[in-house]
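Colleague: Each chain is listed here by its residues.
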Amino acid sequence: MNQQGRPTKPIDAVPVAPATFTGNRALRIEEALIFEFGRTDVTGVDLDEPAEFAPRLGGLERKEPIGLPGLAEPEAVRHYVRLSRMNYSIDTGVFPLGSCTMKHNPRLNEKMARLPGFGDIHPLQPQSTVSGALQLIAELSRWLCELAGMPAVALSPKAGAHGELCGMMAIKAALAARGEKRSIVLVPESAHGTNPATAALLGYRVETIPARDDGTVDPEEVKKHLSKDVAALMLTNPNTCGLFERDVVAIADAVHAVGAFFYADGANFNAIVGKVRPGDLGVDAMHINLHKTFSTPHGGGGPGAGPVTLSAALAPFAPLPYVVTDKNGVRLVEHAADGAGKPFGRMCAFHGQMGMFVRAMSYMLAHGADGMRQASEDAVLNANYVKAGLKDLMSLPFGDGACMHEVLFDDAWLDGTGVSTLDFAKAMIDEGYHPMTMYFPLVVHGAMLIEPTESESKASLDLFVAALRDLAMAAKRGDTARFSGAPYYAPRRRLDETRAARSPVLRWMKPVVKEAAE
Amino acid sequence: MRYLPLTPEDRSEMLARIGARDIDELFADIPADKRLDALPDLPLTKSEIEVERVLGRMAACNVAAGSVPFFVGCGAYKHHIPASVDHLIQRSEFLTSYTPYQPEIAQGTLHYLFEFQTQVALLTGMEVANASMYDGSTAAAEAVLMAHRVTKRNKAVLSGNLHPHYAGTIETVSRLSGHEIVAPAPHGAAEDLSGLIDNTVACVVVQNPDVFGQVRDLKPLAEKVHAAGALLIVAVTEVVSLGLVTPPGEMDADIVVGEGQSIGNALSFGGPYVGLFASRTKFVRQMPGRLVGETVDAEGKRGFVLTLSTREQHIRREKATSNICTNSGLCTLAFTIHLSLLGEAGLRRLARINHANAVKLADALGKVPGVKVLNETFFNEFTIRVPGDAAQVIEKLAAKGVLGGVPCSRLAPDNPHLRDLIVAASTEVNTDEDRAAYAQALKEVLA
Chain Z
1 MNQQGRPTKP IDAVPVAPAT FTGNRALRIE EALIFEFGRT DVTGVDLDEP AEFAPRLGGL
61 ERKEPIGLPG LAEPEAVRHY VRLSRMNYSI DTGVFPLGSC TMKHNPRLNE KMARLPGFGD
121 IHPLQPQSTV SGALQLIAEL SRWLCELAGM PAVALSPKAG AHGELCGMMA IKAALAARGE
181 KRSIVLVPES AHGTNPATAA LLGYRVETIP ARDDGTVDPE EVKKHLSKDV AALMLTNPNT
241 CGLFERDVVA IADAVHAVGA FFYADGANFN AIVGKVRPGD LGVDAMHINL HKTFSTPHGG
301 GGPGAGPVTL SAALAPFAPL PYVVTDKNGV RLVEHAADGA GKPFGRMCAF HGQMGMFVRA
361 MSYMLAHGAD GMRQASEDAV LNANYVKAGL KDLMSLPFGD GACMHEVLFD DAWLDGTGVS
421 TLDFAKAMID EGYHPMTMYF PLVVHGAMLI EPTESESKAS LDLFVAALRD LAMAAKRGDT
481 ARFSGAPYYA PRRRLDETRA ARSPVLRWMK PVVKEAAE
Chain Y
1 MRYLPLTPED RSEMLARIGA RDIDELFADI PADKRLDALP DLPLTKSEIE VERVLGRMAA
61 CNVAAGSVPF FVGCGAYKHH IPASVDHLIQ RSEFLTSYTP YQPEIAQGTL HYLFEFQTQV
121 ALLTGMEVAN ASMYDGSTAA AEAVLMAHRV TKRNKAVLSG NLHPHYAGTI ETVSRLSGHE
181 IVAPAPHGAA EDLSGLIDNT VACVVVQNPD VFGQVRDLKP LAEKVHAAGA LLIVAVTEVV
241 SLGLVTPPGE MDADIVVGEG QSIGNALSFG GPYVGLFASR TKFVRQMPGR LVGETVDAEG
301 KRGFVLTLST REQHIRREKA TSNICTNSGL CTLAFTIHLS LLGEAGLRRL ARINHANAVK
361 LADALGKVPG VKVLNETFFN EFTIRVPGDA AQVIEKLAAK GVLGGVPCSR LAPDNPHLRD
421 LIVAASTEVN TDEDRAAYAQ ALKEVLA
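Sequence order for the protein chains is Z and Y. Just so you know, we're using my numbering here: the first sequence kicks off at 1 and counts up by one. Just so you know, we're using my numbering here: the second sequence kicks off at 1 and counts up by one.
Bound conformation, chain Z alone:
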């Protein structure tokens, strides 16, 4: 018998990594498109062919081949597992994407949303068979209203921007009910792009309010733009510079004084839950991104959910459907004639993102009033801790005051280094971090907006700060190669976005086989 054992120690002179035949790098495996390896005659779902029957399609059978490839189950599982490994996620590491609130997504929420009593009920089955679902919606409404300090909430909007649309539609309807037709909406320049896009969709002319030197909105500047032709001001608070609009009450008063409404973008609600109620600040409508503040998963870009809390002035105009709680329990009002409200219409089919309602409710129940306030405090504490760790190396555009749940740097500190915000972000990828939000908000040059959220431990933040300090010092001492070629270690090097936009390839096409020359 051969007594030679396997080598257990690497050789002393380690060679440079060679190219591989497959292009793979061990656990990092290249993956083709399903159209390149799937086959239209293969299926991963076993179904019995139905017995012969007379079709009732009126001769409208689909005759041409569709061209959809099929995969057997092991092929499909492997394909999507391989793809998943090319993604960065919250569960992978720090995801400090400012204004996006990438907090931990508790798995209990997933389990609850999949209970058959929530996941397997149809929106149009009789109301008598879904009393528990209506009860959950009513309970979620109660929590959201309490936290926002407002009397009503419209639940059907399907995402933040859809919530904005809902809130602004309610404002338009309320103005129309007063016999008024106003034409202007005021939007600060630090606002998310969705705010002006929403206002424009409803036919409003958007007037931009510039920020003052400290990054916040000056009530005197707002007053200059206010008139009886202004329908609403859309203000994000805390704003996208990570600052609380400290003059918010004066702004709200000024807006109300001309009969306009105060819309708050609640994207950054996570900073203030349990600390202050927007309704107490004079807000008339505010959407709440359940996928940010209340931890429903971002899922690679959706689905979201954007309920809108409404003041007493706007509540009657909430869209269909809505729930009413009375002595007979909770009931769903699906038509204007069945309720007391004056709904402005309908935002979507059915009743909203129930799957997200269950997850958000699960998050809220788990945290409770005390846990949610603690979460907001920790989110703000973590952001200020990151700021304290970086402020001597990176530049703060609006001074060294306390920030809320996110800290904004600009690129002044990179002047003369040859390194841009984009380069810095890509180098963070090599360090194992998802970059912060970059080049937004537009009010500062080369913005870097860092939102660590309450989900990061102190040890995690200490390492994150140390890594960013090391990168910052490398940039300052002229180690540009670490940046200009980054990322070096990601599944892809920097991608050519110009090429993608110039000659768009938006779908796979069957390669044209050239006829052999005769």
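Incorrect hints may appear among the rest.
[Claimed, not checked] DSS-like mimics (lysine-lysine), calculated; alpha carbons at most 27 Å apart, straight line: (1) 111/Z - 46/Y; (2) 360/Y - 510/Z; (3) 34/Y - 224/Z; (4) 224/Y - 63/Z; (5) 181/Z - 319/Y; (6) 46/Y - 458/Z; (7) 327/Z - 224/Y; (8) 63/Z - 360/Y; (9) 63/Z - 34/Y; (10) 510/Z - 301/Y; (11) 152/Y - 181/Z; (12) 360/Y - 372/Y.
[To be verified] The following label-pair restraints were derived from C-beta to C-beta distances: (13) 8/Y - 227/Z: 36 to 42 Å; (14) 80/Y - 337/Z: 36 to 42 Å; (15) 367/Y - 312/Z: 53 to 59 Å; (16) 177/Z - 7/Y: 49 to 55 Å; (17) 49/Y - 457/Z: 23 to 29 Å; (18) 328/Z - 39/Y: 53 to 59 Å; (19) 24/Z - 87/Y: 23 to 29 Å; (20) 436/Y - 22/Z: 33 to 39 Å; (21) 367/Y - 180/Z: 57 to 63 Å; (22) 49/Y - 189/Z: 58 to 64 Å; (23) 49/Y - 220/Z: 52 to 58 Å; (24) 11/Z - 87/Y: 40 to 46 Å; (25) 329/Z - 87/Y: 33 to 39 Å.
Hints listed in this document are in silico derivations from the structure and should not be mistaken for laboratory results. Predicted, not measured: the structure shown is a model, and the values here were computed from it. Cβ coordinates follow ideal geometry from the N, Cα and C atoms, glycine included.
Put chain Y on the given structure of chain Z with help from the hints.
Modeller: Frame of chain Z; chain Y shown alone:
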């Protein structure tokens, strides 16, 4: 609290590092008289066990579709979802990632969205599709707005047989954005819209199969629409039908919108679902929503990125094609995984089973005394007329443990012609026993 890693000692150390006395110093910009001193008037933190108890109790009050003979459709359908689909979409890297703003570390998402766009284009018979919308109804509303941009006209004609929730969604956004809508009341019969189509009309919106289940050849309508210089928008609320029915692209549709819930996504009381949006290439720069495109990286390797973002609000602000800032990421993933598993062979078979089951159900219900099946054609749902009030019949059936469909009055209560109509669907999940139970229960209810 189990989701919060900081300890009291961590918090003290961090405040010291920041140079703040206490946490409230960090909140000093909030007006002092508005700050909450007490906790909100809500319950305190709960363990997993307690949360499960509270939510479990609520869930138990609902009748799950899978627990009874179930025939409810009208825009959302009970289909079987392979176990691997729900497992795969819960991979951390899919579930807890974000919009692929950093494409080098989001190739997984971008890759499947590119495949999804291709699948939707093939399925609908169109040239190009986006990376999804919120749901079918909002996709329909966005399609109408897009038609206004393309044609520079201001009026949309809606078929009376369009799902009333879709019509309502379109009507709301059109009215509040200053566009005109012309829409006959829901009626269920064949309709002639040609009297409404002239050269002021931007688009005509029809549904196929329509809300009453009827399948129609839209080619003659497309000709009239195009002759007037307008666009034909076709809505498909049951996407499985495209495995068996001539796709809107082959009937000359200009924009196809769809509800993708049927493939891969649970009923979930109406959401989240996945809106499909497909069009012709020449309109691509007027399309709403996200688009993924192919490109190469610095080493020449194929990769994918979000593209044509100059249409979008984060660049264009008030000049954007739409205010939409998201898609239905995870629902899109469920859709594309399920469709990859099915493949063409599986989808066609699934569609045939659905149609066969609906034919069996129509035959069974048609034999119940007093019941009449109204459809000449249908895919997996159809309309029956019952003696009396359909909503009451549905309630009585529910009391007997059968969820028998949607009374049309639930969708259009003002229309007296629909009071005795029920739309019933049968999919692959129904057995012969389920259908027999429905027919028997209906017989008893009507007796």
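Colleague: Now, for every hint given, state plainly whether the structure supports it.
Modeller: Against the structure, the hints come out as follows:
1. 111/Z - 46/Y: Between residue 111/Z and residue 46/Y the Cα gap is close to 16 Å, so the pair holds against 27 Å.
2. 360/Y - 510/Z: At roughly 39 Å apart (the allowed maximum being 27 Å), residue 510/Z and residue 360/Y break the hint.
3. 34/Y - 224/Z: holds, 26 Å
4. 224/Y - 63/Z: Roughly 24 Å between the alpha carbons, so the hint for residue 224/Y and residue 63/Z holds.
5. 181/Z - 319/Y: holds, 22 Å
6. 46/Y - 458/Z: holds, 24 Å
7. 327/Z - 224/Y: Cα-Cα ~54 Å, so violated.
8. 63/Z - 360/Y: holds, 23 Å
9. 63/Z - 34/Y: violated, 67 Å
10. 510/Z - 301/Y: Distance of about 19 Å is within 27 Å: holds.
11. 152/Y - 181/Z: Roughly 24 Å between the alpha carbons, so the hint for residue 152/Y and residue 181/Z holds.
12. 360/Y - 372/Y: holds, 14 Å
13. 8/Y - 227/Z: 36 to 42 Å: Once the Cβ atoms are compared, 52 Å apart, the range 36 to 42 Å for residue 227/Z and residue 8/Y is violated.
14. 80/Y - 337/Z: 36 to 42 Å: holds, 38 Å
15. 367/Y - 312/Z: 53 to 59 Å: holds, 56 Å
16. 177/Z - 7/Y: 49 to 55 Å: holds, 53 Å
17. 49/Y - 457/Z: 23 to 29 Å: holds, 25 Å
18. 328/Z - 39/Y: 53 to 59 Å: violated, 32 Å
19. 24/Z - 87/Y: 23 to 29 Å: holds, 24 Å
20. 436/Y - 22/Z: 33 to 39 Å: The hint (33 to 39 Å, Cβ to Cβ) is violated, given that residue 436/Y and residue 22/Z are roughly 55 Å apart.
21. 367/Y - 180/Z: 57 to 63 Å: Because 59 Å falls inside the window, the suggested range holds.
22. 49/Y - 189/Z: 58 to 64 Å: violated, 49 Å
23. 49/Y - 220/Z: 52 to 58 Å: Because 54 Å falls inside the window, the suggested range holds.
24. 11/Z - 87/Y: 40 to 46 Å: Distance hint for residue 11/Z, residue 87/Y holds at roughly 41 Å.
25. 329/Z - 87/Y: 33 to 39 Å: Taking Cβ atoms as reference, residue 329/Z and residue 87/Y lie about 37 Å apart, which means the hint holds.
Checked against the numbered hints given earlier, the structure breaks hints 2, 7, 9, 13, 18, 20 and 22 and satisfies all the rest.
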